[in-house]
Structure formats: structure tokens, C-alpha cells
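Visitor: Sequence:
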Amino acid sequence: MKSQHPSGGGRRRGDLAVRDGGAFGRELRRLRLTAGMSQAELANVLHFSKSYLSKVENGAKPATMDLARRCEAVLGAGGTLVALCEAAAAAAAGTTAAATSGAATHSGQQGRVARSPARASLPMPRQLPARPRYLIGRGSELKMLTALADAADGHRAQFTVITGPAGIGKTALAISWAHRVASRFPDGQLYVNLRGFAPAGALVGSDEALRGFLDTLGVPPGQVPSGVNAQAALFRSLTAARRMLVVLDNARDADHVRPLFPAGDGCVAVVTSRSDLAGLVAEGADAVAPGLLTSADAEELLAERLGPGRLAAERSAARDLIEMCGGLPLAVNIVAARAAAYAGKAAAPTLNDHAESMRAARSRLDELSTGDLTTDVRAVFSWSYRMLSPSAAALFRLLALHPGPECSVAAAVSLFGQSFDRTNAALAELSAAHLIAEHASHRYGFHDLLRVYAAELVSEVDDVVTRNTAIERLLEHYLHTAQAATVCFVPAWVPLPLAPLTPGVVPEGIATGDDAQAWFETEFQVLLGVIAMAVASGFDRYAWQLPWTLRTFFDRRGHWREMEQVSLTALAAAQRLSDVAAEATARRGLGRAYLRLRDYDAALIQARHALVLHEQDGDRLGQANVHHDLALLAEQRGDQALALHHAQQALGHFEAVGGPAAQANSLNTVGWFHAMVGDHGEALECCTRALELFHGLGDVAGEAGTWDSIGFAHHCLGDYEQAATAYRASIEGYRRIGDRFYEAGTLVRLGDTSAAAGDPEAAGRSWRLALAILDELAHPDAEEVAERLRGL
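For the sequence shown, the positions run 7 to 798 when this note's numbering is used.
Hints listed in this document are in silico derivations from the structure and should not be mistaken for laboratory results. There could be a bad hint or two in this list.
Said to hold, decoys possible - Have a look at the derived ranges for each label pair, beta carbon to beta carbon:
1) Ser146 / Asn430: 39 to 47 Å
2) Ser397 / His445: 19 to 27 Å
3) Gly704 / Gly233: 48 to 56 Å
Predicted model only: the values in this text are computed from it and were never measured. Ideal Cβ placement from N, Cα and C applies to all residues, glycine included.
Generate the whole structure from the sequences, applying the supplied hints.
Guide: Laid out in C-alpha cells, this is it:
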């Protein structure tokens with residue numbers, strides 16, 4: 007459909023620069039000369055600068071995978087350039103890995119760092135979280151994990167489960183070991199926190215984790231099959247011939263992780279869980295169960311954190327603290343962090359003071375103890391919590407209201423309702439006390455046990471009004487930020503009429519389309535949780551508005567199942583509010599989801615419902631958008647005349663009440679359908695008007711789409727020179743915004759024009775470039791382009 011041209015949502019940015027461009031450059035020069043092309047001619051076809059190509063050929067600049075694939079398509083290199091680019095990139099990565107791993111490199115593993123060019127088509131993920139700073143008393147477990155991997159080395163996929171109670175250090179052990187052996191897995195490392203024991207609604211399901219893995223491995227969203235079984239089969243196929251490490255952290259049970267296991271004989275999967283995962287062990291998985299720290303190991307950990315001098319000076323008190331921590335690594339680390347926070351300060355508490363405080367907390371909480379490890383460690387949390395400043399303690403409680411898994415500083419400011427300075431100070435205090443962790447730059451999260459403890463506190467200490475006020479501030483933060491991001495994404499998008507910001511609410515700073523894309527990607531899981539929180543808390547207005555502001559992002563990234571789910575949530579909320587406009591909007595979102603999922607009957611039902619509601623409400627802009635959706639539906643069903651009718655209805659409404667961006671988009675849509683029914687003169691008139699509007703708005707995506715429509719009309723009129731000029735302008739625009747899919751479509755049409763003009767050589771070049779892109783995107787249209795090439 008020519009009316010939508012998303013700006014770069016599907017492009018993969020995994021093209022790695024290589025260190026040694028010599029071999030690549032020499033082969034490129036040989037192939038270019040063999041083809042009888044000058045550097046200038048090749049640069050013009052590839053849309054790279056001649057200066058850059060010259061430097062690549064001379065080895066002064068590294069090649070990118072994008073350049074390699076384009077050169078392959080034009081020069082017919084048969085995979086040589088891609089293989090050289092991948093091999094050089096892998097060698098560069100291997101050099102870095104070897105320099106950092108040193109003696110940790112396992113004997114007999116030399117030579118595994120270089121990736122096989124035959125397996126060069128997938129990205130090389132490096133998803134491991136940062137290596138834990140402190141890991142004491144786990145030497146035997148680390149050796150066991152290595153021995154288990156060695157035993158299966160290259161002969162079968164190896165699965166290990168690390169089980170034990172919360173706070174025992176399963177994740178730290180898994181990640182530490184994974185970093186030690188990362189160089190043994192040249193095809194990369196995947197990691198996901200499944201949040202199996204997080205609060206209700208926060209679980210990362212198998213399907214969600216699989217989608218993340220498939221996205222990381224370069225599968226376009228539109229090519230991800232529906233259903234866990236099909237997604238798991240695709241994941242196994244992608245890993246079947248590769249050596250990868252997969253860390254599945256915090257699994258709920260065996261069924262949670264079975265679909266996430268890789269298939270390659272050189273692959274290793276490590277699972278951590280509070281459950282014993284007996285089913286997996288019975289099926290052949292190996293088990294490692296780290297125990298509580300010995301007193302000696304706990305002393306070593308304290309010495310590492312506090313310094314051996316302080317430990318020696320207060321050994322008796324240190325041993326009392328260790329005893330009260332019960333050997334739980336999480337508890338020992340919290341105690342150490344609290345004691346270290348006062349080091350060097352005047353009148354700093356001694357370790358004996360800390361021990362006395364902890365004894366007092368334990369005695370007051372005895373009645374809550376059930377003998378379970380979780381309740382025993384509550385005393386440690388309570389002691390650490392009581393040492394907080396009032397401001398940090400209040401924020402600690404309120405953070406339990408955030409759905410997780412991570413909270414940005416601006417979101418924390420909004421939740422807290424305080425200034426940036428005060429919030430940052432409280433976050434720093436909580437982080438220093440190990441009550442929260444900074445998982446990424448300026449993003450904070452809880453350990454599951456601490457989240458449970460904070461949730462208990464916020465229910466006990468803060469009244470319902472305080473909690474609901476904080477929740478609403480948080481919802482307002484995400485709604486206003488999502489709307490600002492969508493406006494940056496799509497200038498033609500009409501914002502919802504939102505109420506002014508409540509004092510204390512601070513949206514994120516979204517200024518560009520890149521900012522918007524990054525924010526949506528980072529907050530994707532959070533936003534799903536926020537919508538669920540709005541429903542659970544009775545804030546139905548946010549429960550329908552948030553899904554609507556996320557629709558464009560979901561659409562561009564191919565999150566159509568999630569789009570369907572949140573649209574159903576929005577529809578239910580709108581109906582509870584008896585809000586006709588909200589219900590119409592929710593039905594439009596649901597209809598678009600069904601359209602993308604190719605359930606055209608369901609999409610038509612929703613669109614018709616929405617149209618009736620918008621007509622009842624007198625909303626012409628809403629009617630225009632529904633007619634636009636009906637045009638899309640008619641096109642998918644092959645009825646171009648009906649599509650033109652709905653597009654013209656939409657244009658009439660947009661010209662009456664819409665802005666210039668909406669009018670331009672609608673004019674291009676009408677022009678496209680005029681061309682599809684053979685009225686090419688009218689098509690050119692509409693598209694020329696659209697182009698003028700898009701140019702005035704600085705909308706590169708809109709201009710690119712309109713140039714494509716103009717090119718198609720000229721082609722149908724037999725004016726091949728003007729068609730080719732328009733198509734090249736379209737291609738240039740798509741390349742500027744990084745829209746690979748639409749670039750490929752226009753390249754196909756440019757090739758068609760060249761073929762019709764009697765230039766099969768130029769047609770072949772365009773089709774090969776298009777085929778390279780479609781193959782990269784694993785799009786089914788690739789076969790049609792390949793058929794064109796076979797017909798040359």
C-alpha cells in the first residue's frame with residue numbers, strides 16, 4: 007500500500023565494520039574490473055560515494071555488510087564479498103575476545119573464534135549483562151559448569167539448570183560463567199530475564215522471549231510465525247548450525263523454557279530458576295545447585311567489600327552479621343553495602359552497631375517468620391530499609407507500584423512527585439544500599455525479593471489515596487511521553503486532547519524520530535505492564551488512550567498480536583466509560599491489528615463499527631481515517647475501484663478538517679489508486695499536489711512514497727525516462743530514512759521500467775539489489791524478483 011511509508015522501523019543495524027579491509031578491497035577491485043565498471047560507475051549504482059569506495063578498495067576504510075551485499079547483487083560475486091566481510095568482522099571480534107580473556111581461554115578452543123562464512127547471514131548478538139563485580143565461594147560451581155560444557159563439546163546441544171532459593175546467587179553465577187566462556191561461542195550469546203517469580207502480570211512468556219530472540223537474529227517482524235510452536239521451530243532452525251550460548255534467567259518452570267532451547271550441537275543453554283526443574287533434569291539436563299555461603303566465604307565477601315583491615319578489627323561482630331545473614335549471598339551483599347556506605351565518615355557506626363540494629367529488627371519481625379528463607383531475610387531488608395533517609399524510604403515503597411522490569415529516572419520523578427535532584431539523590435541512596443540496581447544507564451530495577459518486600463511496605467505505610475495519586479502520575483508520564491514520541495514518528499498523526507500535566511509529572515525528552523524509536527524499543531515491556539496497571543487500578547481513561555498512542559510503533563515493528571491485545575483492552579475500557587469517541591478509536595486500532603494479521607473479515611467488522619460511531623459523534627477526522635482503513639482493506643481484497651472510492655471519501659474529510667500532512671498522505675493514496683485503475687493523468691495530478699505538501703513539511707518518507715507513485719504512473723503511460731527519474735528520487739529518500747523494505751519495492755519497479763525501456767542490464771542491476779534486500783529481510787516477495795532475474 008502506497009499510503010504508508012514507515013521511516014526505518016525494520017532496518018537492522020548490525021552491519022559491523024571490519025578491521026582488515028585488505029582482502030575485501032582487493033576482491034572488490036578485481037570483481038569491479040572484471041565487470042568493466044569504473045569506481046564512479048559502481049558508486050553511482052550502489053548510491054555510495056566514490057571516495058568511500060576508493061578507500062575500501064585500498065584497505066583504508068572498513069567495509070560494511072550493507073556495502074558487501076549491494077556489491078554482491080551488482081557484481082554477482084557469489085557470496086565471496088559477504089564471506090570476506092563476515093570473516094574479517096569475526097576475526098576482529100575474536101582478537102578483542104582473546105585479548106580480554108587471556109588465561110581463561112579453554113585449551114583446545116583456539117580457532118573457534120573465527121566464524122564460518124557459511125554461517126554469516128545472521129547477526130552476532132552479545133546480550134550478556136555486565137559481569138557481576140563480586141562472586142565469592144563459587145569456584146566449584148564454575149568448574150562444574152565448564153566440565154559439563156566440555157563433556158558435550160560439539161557433539162550435542164547441552165542444557166544446564168542452576169536452581170536454588172531466591173537470593174542464592176544463581177544469576178550472578180550464570181552470568182559470571184557465561185562471560186568466562188563467551189569466546190567459545192563465536193556465533194554470539196543470547197540472554198533473557200524471564201521474570202518467572204516477578205509480581206503477577208510481569209512474567210516474560212515463552213512467546214515474548216522467542217520474539218525477542220528472533221528479532222535479535224534478524225527475522226523481520228512480518229516473518230515471525232504465530233504460535234509458540236512455530237516460533238520455537240524457527241528458532242531451532244536458525245541455531246541448528248551455530249555455536250551459541252543462551253542464558254535463560256529466572257524461569258518459572260520447565261514448560262517456560264523448553265521452547266527457548268537452541269538446536270545446534272555446539273550450543274549451550276543455561277537456565278536459572280527457583281524451581282527444581284526436575285522435568286528437564288529427567289529429560290537429560292544437567293543440574294547445578296549453588297548452596298549457601300560458608301562462613302569463610304561470607305567473611306571473604308565482607309573483606310572484599312569492606313577491606314581486610316576492618317574485618318580483622320571487628321571479626322566478632324562480622325561473624326555475628328554473617329550468622330544473621332544465614333549464608334545468603336544477597337543478604338551478605340546488602341549488609342556489606344550498608345556498612346561500606348559509612349566507611350570513612352565521622353562517627354561511623356561500627357560493625358557491632360550494625361549487628362545490634364539487625365538483632366533488633368529480627369526480634370520485632372519474629373512473628374512474621376515462617377521458617378522460610380524469604381521471611382528470614384526480611385529482617386535484613388527491614389534493617390537496611392530503616393537506615394534510609396525518609397525521602398529514599400518513600401521512593402523505595404513507591405517504586406513497588408511501577409510494573410517493571412526497569413524504571414527510568416524521569417518515570418521515577420513522576421512516580422515520586424518530587425524534583426529531579428531529590429529523586430536522583432534517593433535513587434543513588436537506594437542503589438548504594440543495594441535495594442535497587444542500575445541495570446542500564448539511568449534505569450533501575452528490583453531484585454524480586456526486594457520488590458515483594460517494597461510492595462508489602464507500600465500497602466502497610468502508604469494509604470490508598472497516596473498510592474493512587476502516584477500511579478496516576480506514572481500513567482500520565484507514560485501517556486504524554488508516548489504521544490510526543492508518536493508525533494515525532496508520524497507528523498501527520500493527530501494527537502489526543504490531553505489534560506495539562508499534573509505538577510510533578512515529567513515526560514521523557516523526545517525531540518526526534520530516533521529518540522522516539524529508541525524510547526519505544528526500550529520501554530516496550532514496561533508499556534505493556536503500564537496498560538495492565540491502568541486496568542487493575544481502575545484508570546480506564548489511560549487504559550484506552552495508551553494503546554492508541556502506541557499503535558503506530560506496534561504497527562511498524564510488527565507487534566500485531568500485542569496491538570490486538572491492547573486494543574481489546576482499550577475497547578473494554580472505553581465501553582466501561584460509555585465514551586463513544588473512545589470506543590470508535592479503540593475499534594480503529596483493533597481493526598488495523600486484524601488487517602495486519604490478515605483477518606480481513608474481523609477488520610471489516612471493526613472498521614464499520616468505528617465508522618458508525620464516528621458518524622454518530624460527528625467526528626469527520628475519525629471518519630476520514632476509517633475510510634482510509636477501508637481503502638486498505640479493499641486493496642488487500644483486490645477491489646481497486648472500491649479502494650479508490652474509500653480513499654476519495656477520506657480525502658474529502660481530510661480537506662475539510664485535516665492538516666497538511668494528513669491531506670498530503672491522502673492525496674498520494676488517491677493518486678495511487680487512480681493509477682491502479684488506469685487513470686494515470688489524474689494519478690499524476692494528485693501525487694504532484696501531495697509532493698508539494700510533503701516537500702513543504704520536510705517529510706522525507708512522504709516524498710519518497712509519492713515519488714514512487716509518480717514513477718508508477720509514468721511507467722504505465724510509457725514515459726520510462728521520467729518514471730526512472732521518479733523511482734530514483736524515491737529510492738534516495740528511502741535510503742535516507744533507512745526503509746529497506748520500501749526501497750526494495752521501488753527497486754523492483756525501477757527494474758521493470760528499465761526492462762520495458764529495452765535495457766535488461768540496468769533491469770538486472772536493480773532487481774539484484776532488490777533481491778539482496780528481500781533475502782536479507784526473509785520476505786516472500788523475493789521469489790517474484792528471482793523469477794524476473796531468471797527471465798532475463
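Visitor: Checked against the structure, which of the hints given earlier come out wrong?
Guide: Hint 3 contradicted; others consistent.
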